[in-house]
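K.L.:
Sequence:
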Amino acid sequence: MLSQKTRYAIRALQHLADRYRQGPVPLNEIATRQNIPAKFLTVILSELSREGLVATQRGRDGGYWLALAPVDISYGDIVRLTRGSLALTPCASRFAHESCTNCLPESECRLHRVMLRVRDETAKVLDGISLAEPFAAMDADA
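For the sequence shown, the working numbering begins at 1 and goes up steadily by one.
Rather than coming from a laboratory, the hints here were simulated on the basis of the structure. These figures come from a predicted structure and were not determined experimentally. Built from N, CA and C at the ideal position, the CB exists for glycine as well. Keep in mind that a hint or two might mislead.
[Claimed, not checked] Below, simulated EDC-like cross-link-like pairs (lysine to aspartate or glutamate); rule was C-alpha separation at most 20 Å, straight line:
1. 5 to 47
2. 124 to 72
3. 124 to 108
4. 5 to 77
5. 39 to 29
[What the hints assert, rightly or not] Label-pair ranges, simulated between beta-carbon atoms:
6. 111 to 83: 16 to 26 Å
7. 97 to 26: 22 to 32 Å
8. 59 to 106: 46 to 56 Å
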């Protein structure tokens with residue numbers, strides 16, 4: 001399940017993608033239009049700025065914008081940055097692997113093998129969709 005933080009980050013980045021190359025977007029605009037608490041949005045955008053996805057400018061004409069082209073930011077990137085992993089279990093994580101407590105050894109655990117497949121398929125889908133994807137094309141597949 002996606003955390004609220006991840007969902008807010010996705011919505012904020014989608015908003016910035018819609019305004020790509022139009023100059024800084026004020027925080028209050030993003031917060032209001034995306035129904036995100038401004039204080040929480042500030043924290044999220046600061047983290048995304050440190051990770052190089054968002055750039056910022058202070059002052060009266062300041063705001064936020066994408067530091068990369070929308071086509072270069074995948075939904076997989078966003079989930080990994082905000083959630084840490086695409087895996088549903090710690091033993092299936094590629095970069096934050098941990099053995100599960102109270103479980104069988106991974107070599108014997110059938111659930112582990114299933115979760116590896118789920119992680120790989122999830123990565124394939126989320127890494128294959130960028131912020132540049134038009135909504136109409138995604139809606140047609142639903």
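K.L.:
Hint compliance check: list the failing hint numbers for this structure, sorted ascending.
P.N.:
3 and 7
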